[in-house]
Amino acid sequence: MKKLSFLFLALILFGCTPSPAPKHPSWALAIHGGAGTITKESMTPELEQQYQEKLGEALQAGSGILKNGGTSLDAVCAAINVMEDSPLFNAGKGAVFTAEGVNE
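Read in order, the letters of the sequence shown are residues 2 to 105 in our numbering.
Each hint can be trusted.
Label pairs and their computed distance ranges (CB to CB):
1) Lys3 / Thr72: 51 to 61 Å
2) Ser27 / Tyr52: 26 to 36 Å
3) Leu74 / Thr99: 22 to 32 Å
4) Ser27 / Glu58: 21 to 31 Å
5) Glu54 / Ile13: 58 to 68 Å
6) Lys68 / Pro19: 22 to 32 Å
Dumping the calculated SDA-like pairs for lysine to any residue here, alpha-carbon to alpha-carbon at most 20 Å:
7) Lys55 / Ala96
8) Lys55 / Leu67
9) Lys55 / Asn91
10) Lys55 / Asp75
11) Lys55 / Ala31
12) Lys55 / Ile81
13) Lys41 / Lys55
14) Lys68 / Ile81
15) Lys55 / Ser87
16) Lys55 / Ala79
17) Lys55 / Asn82
18) Lys68 / Ile32
19) Lys24 / Gly70
20) Lys41 / Leu56
21) Lys41 / Tyr52
Read the hints as simulated data drawn from the structure, not as lab findings. Backbone N, C-alpha and C define an ideal beta-carbon position, used for all residues, glycine too.
Produce the complete structure using the sequences and hints provided.
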């Protein structure tokens, strides 16, 4: 009977211990600067820096939303908007024109 009482008490104490704090979810944000061919030989150090800075800005925009509890959709849209607003990338303002002369 003593063993059973001890087991019962141990189960109660074990059940009353606080749960560990939940870990923050891990996440990653990947971006792609577009299609096409840019050879290293045709890119100046200044132009490469512009690309790196704009890609960094896009990552900052998206990761800032995720760090503050925003949704993945909002984060992706924020990153895409930065790249679409830049003439450096093959989307939005920097998009290639079609045969009809419009951006798609």
